[in-house]
Amino acid sequence: MQAQDTQKRLSGTGRGSGAPPLVEMRDISISFGGIKAVDHVSVDLYPGEVVGLLGHNGAGKSTLIKVLSGAYQMDHGEILIDGKSVEIDNPRDARANNIETIYQTLALADNLDATSNLFLGREMTTPFGLVNDAAMEAECRKIMAQLNPNFQKFNDPVSALSGGQRQSVAIARAVYFNARILIMDEPTAALGPHETQMVADLIHQLKAQGIGIFLIDHDVHAVMELCDRASVMKNGKLVGTVDIADVTDDDLLSMIILGKQPAQKAE
Amino acid sequence: MTETSSQPIPEKAKPSLFQQLELDMRLLGMIGAFVILCIGFNIFTDGRFLTPRNLFNLSIQTVSVAIMACGMVFIIVTRHIDLSVGALLATTSAVMAMTQTELLPQILGMGLNNPATWAITIVVGLFVGTLIGAFHGWMVGYLTIPAFIVTLGGFLVWRNVAWYLTSGQTIGPLDSTFLMFGGTNGTLGTTTSWLFGLFATAVAIWALWSGRRAKAAHGFPVKPVWAEATLAGIIAIAILGYVYIVNSYAIPTRRLQRMFEARGETMPEGLVVGYGIPISVLILIIVAVTLTIVARKTKFGRYIFATGGNPDAAELSGINTRLLTVKIFALMGFLCAVSAVVASARLANHSNDIGTLDELRVIAAAVIGGTALSGGIGTIYGAILGALIMQALQSGMAMVGVDAPFQNIVVGSVLVLAVYIDIVYRKRLGAK
Ligand SMILES: Nc1ncnc2c1ncn2[C@@H]1O[C@H](COP(=O)(O)OP(=O)(O)OP(=O)(O)O)[C@@H](O)[C@H]1O
Ligand SMILES: [Mg+2]
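Protein sequence lines, in the order shown, are assigned to chains A and B.
In terms of full-length UniProt numbering, the first sequence opens at residue 1 and continues consecutively.
In terms of full-length UniProt numbering, the second sequence opens at residue 1 and continues consecutively.
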């Protein structure tokens with residue numbers, strides 16, 4: 001039963017076709033004043049694949065993906081996209097490489113409304129070069145209708161929104177701009193069960209379009225449900241990367257807690 | 001991501017009168033405070049406060065601080081501060097005074113009233129102001145020295161650079177065309193003022209209408225027509241009312257006579273000519289409208305507010321917040337130079353103490369006008385109203401005969417009180 005599932009999952013991804021991975025992060029290290037937040041970690045991601053990043057609090061998951069999104073500069077390592085080495089020095093470089101990120105902290109400007117946040121840094125303009133608020137609001141309404149149909153507060157600053165509504169705005173911003181590589185750092189942390197299910201559906205939909213997704217989530221069941229592979233981190237180091245099809249919830253949990261590969265994988 | 005259906009927009013519960021007007025309550029509060037202030041002073045001065053002459057003077061005295069307050073809004077919105085604006089005004093004023101009285105006559109051999117003198121002078125002044133501002137911004141943005149420190153240093157540096165440039169002397173007289181940019185020396189005259197007033201009213205109404213049309217085109221909710229019409233009416237009355245007031249301030253007969261003599265004509269008997277809109281006020285209007293458009297309708301403005309609301313989010317959204325800081329301070333420097341033109345032209349010379357304490361007036365104007373020191377919130381019109389309220393308070397007290405020290409005590413207290421009211425107001429709104 002599970003094996004069949006795997007077949008289905010794998011067939012959608014570009015893995016095993018011989019093509020280079022969509023993203024390859026090689027031997028990444030970054031430290032903050034002596035603390036090695038990420039210590040020689042390598043992960044990769046293929047088109048149409050969802051790779052889960054797991055680990056306890058402070059394991060270095062957010063730091064690792066912030067290197068990819070341009071928020072942090074790594075001390076050591078290399079990032080390849082489509083097999084080619086790229087420089088990602090700031091968030092603009094990441095966006096130029098079609099990398100979109102939903103940050104754990106959401107990274108919204110609280111004093112601006114949902115529309116302004118959605119388009120921040122990429123505003124639509126009129127022929128005179130002025131920002132076209134009406135057109136942007138129309139687009140914002142369209143995408144929010146899909147992500148969170150109950151969302152109505154288009155003209156309030158996002159500080160007036162609930163945690164889940166803010167999360168929807170952050171998700172909308174990441175998926176609106178046709179990303180090829182999507183980074184989701186605990187995207188469902190503030191969402192209710194219904195909204196969480198909508199994000200799961202969204203992930204399936206994006207995966208089907210060939211988008212590669214890094215998903216950070218503390219919920220092992222969600223990872224088992226949504227991901228093709230999972231990379232587990234502990235204290236800044238990579239514990240290992242496993243095919244979800246080959247492991248159980250308990251295997252993943254023990255990797256997270258004990259920091260060891262499951263027995264059958266140790267070989 | 002292919003669905004195109006828009007969300008239905010539900011009808012809300014019937015909103016109150018003010019909500020329908022979508023008028024900013026803070027704006028109304030400030031206008032109310034200003035009106036009460038004017039009426040109060042008018043009573044205490046036996047009707048001398050609300051005369052065309054005094055209102056005209058009030059407006060030309062406000063311009064210099066108001067122009068800088070517009071720039072200060074952007075600075076404070078991005079969570080910075082600029083303590084050097086008064087000193088920067090002095091330096092740019094000194095540069096322009098020396099340019100027109102020493103540099104141009106000596107180097108280019110252009111006399112003081114050469115037709116190109118004023119233009120070259122102003123270009124030089126604006127350039128120097130922008131450059132110094134950009135330098136401040138570079139230190140704040142790229143060297144990450146806190147703006148408070150950079151501009152505290154700038155406060156001392158530029159005040160004394162101005163002193164060195166002029167050897168501490170008062171420089172005058174200034175170029176006669178240059179003088180038209182401040183005070184009573186340059187006004188539009190009654191006919192042009194009326195035309196300008198009508199033009200401005202038409203533009204304002206057009207802006208309201210096109211904003212409404214853009215919303216309606218996408219099926220977004222719009223205000224009821226009567227609300228829009230009321231707003232247009234208020235704007236028209238404000239603009240045309242001001243024109244009426246400055247037009248009814250007549251140029252004194254003797255001065256008029258001299259103006260005719262200068263042109264070699266004789267003045268017709270009993271002629272009364274109004275001043276009309278001062279050119280300095282026109283400059284303020286241009287600055288205010290431009291910066292309001294910048295704030296609301298350009299990417300630059302959007303990024304300023306985003307950075308103020310959450311600097312990290314702005315950075316992660318790909319905004320170059322360092323370069324943005326340079327631009328904002330450069331704009332501030334530019335506006336200091338504009339204010340220097342207006343202030344030195346109004347005083348008809350450059351004096352050593354020009355712009356003294358202006359930094360505090362400018363910051364106070366922006367803050368009274370609703371700019372939040374925590375960043376992310378502020379309006380241009382608020383800052384201008386703030387400057388106007390402060391100036392009205394100051395000159396009103398002077399007219400009533402309040403002692404100078406006590407005037408400052410009142411102004412200081414009003415600043416603190418205004419910010420407190422603002423905090424209470426925001427809390428009641430439920431924001432922050
Ligand atoms: N900007 C920073 N400055 C200093 N230390 C940092 C910084 N960012 C992260 N760290 C440290 O790096 C380590 C990894 O943090 P990170 O945020 O990557 O953890 P995480 O795996 O995302 O945890 P969580 O599940 O709680 O989100 C932690 O020890 C943290 O204190
Ligand atoms: Mg994290």
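Just so you know, these hints were derived from the structure itself, not from any lab.
One thing to keep in mind: the hints can contain errors.
According to the in silico footprint, chain A covers these stretches of chain B (three or more CB under 8 Å from chain A) [unchecked claim]: (1) 200-206; (2) 296-306; (3) 316-323.
Derived CB-CB ranges, DEER-like [claimed, not checked]: (4) F32/A x P224/B: 49 to 59 Å; (5) Y420/B x T105/A: 24 to 34 Å; (6) A217/B x D27/A: 18 to 28 Å; (7) K153/A x L373/B: 48 to 58 Å; (8) I235/B x N155/A: 48 to 58 Å; (9) T105/A x L373/B: 20 to 30 Å; (10) A160/A x Y420/B: 52 to 62 Å; (11) H204/A x I235/B: 16 to 26 Å; (12) W206/B x F32/A: 34 to 44 Å; (13) K84/A x F127/B: 39 to 49 Å; (14) W206/B x F177/A: 25 to 35 Å.
Just so you know, even glycine gets a beta-carbon here, dropped at the ideal spot from N, CA and C.
Checked hints:
{"no.": "1", "hint": "200-206", "in the structure": "violated (count 0)"}
{"no.": "2", "hint": "296-306", "in the structure": "holds (count 7)"}
{"no.": "3", "hint": "316-323", "in the structure": "holds (count 5)"}
{"no.": "4", "hint": "F32/A x P224/B: 49 to 59 Å", "in the structure": "holds (56 Å)"}
{"no.": "5", "hint": "Y420/B x T105/A: 24 to 34 Å", "in the structure": "holds (32 Å)"}
{"no.": "6", "hint": "A217/B x D27/A: 18 to 28 Å", "in the structure": "violated (53 Å)"}
{"no.": "7", "hint": "K153/A x L373/B: 48 to 58 Å", "in the structure": "violated (27 Å)"}
{"no.": "8", "hint": "I235/B x N155/A: 48 to 58 Å", "in the structure": "violated (22 Å)"}
{"no.": "9", "hint": "T105/A x L373/B: 20 to 30 Å", "in the structure": "holds (23 Å)"}
{"no.": "10", "hint": "A160/A x Y420/B: 52 to 62 Å", "in the structure": "violated (23 Å)"}
{"no.": "11", "hint": "H204/A x I235/B: 16 to 26 Å", "in the structure": "violated (53 Å)"}
{"no.": "12", "hint": "W206/B x F32/A: 34 to 44 Å", "in the structure": "violated (55 Å)"}
{"no.": "13", "hint": "K84/A x F127/B: 39 to 49 Å", "in the structure": "holds (45 Å)"}
{"no.": "14", "hint": "W206/B x F177/A: 25 to 35 Å", "in the structure": "holds (34 Å)"}
Hints 1, 6, 7, 8, 10, 11, 12 from the earlier list are contradicted by this structure; the remaining hints agree with it.
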